[in-house]
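Could you build all of it, start to finish, from the sequences and the hints given here?
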Amino acid sequence: MERLRSENGQAMVEYAALFAAVVIVAVITFGNMSEAAVKIFNLIQNSLLPVFP
65 MERLRSENGQ
75 AMVEYAALFA
85 AVVIVAVITF
95 GNMSEAAVKI
105 FNLIQNSLLP
115 VFP
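65 is the number of the first residue of the sequence shown in this note's numbering; add one for each residue after it.
It should be emphasised that the hints constitute simulated quantities derived from the structure, not laboratory data.
Just so it is clear, CB atoms sit at the ideal spot from N, CA and C, and this is done for glycine as well.
Hints may contain errors.
[Said to hold, decoys possible] What follows is a set of in silico ranges between Cβ atoms, one per label pair, in the way DEER data are often shown:
{"no.": "1", "residue 1": "G73", "residue 2": "E99", "range": "30 to 38 angstroms"}
{"no.": "2", "residue 1": "V102", "residue 2": "A81", "range": "19 to 27 angstroms"}
{"no.": "3", "residue 1": "A75", "residue 2": "N110", "range": "18 to 26 angstroms"}
Laid out in structure tokens, this is it:
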């Protein structure tokens with residue numbers, strides 16, 4: 065959390081990249097479950113879009 069305070073911009077970019085990687089792994093794990101992919105995509109929109117103005 066100290067890193068978020070000291071290097072807020074860079075840390076946020078790293079967090080977004082890490083989050084995207086986790087989501088990609090989750091999508092690959094679900095495979096062809098399109099409903100799960102849509103839910104994950106909606107989760108990304110709801111959680112990341114408010115963070116980046």
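Task: Structure-inconsistent hints, enumerated in ascending order - done: Violated: none.
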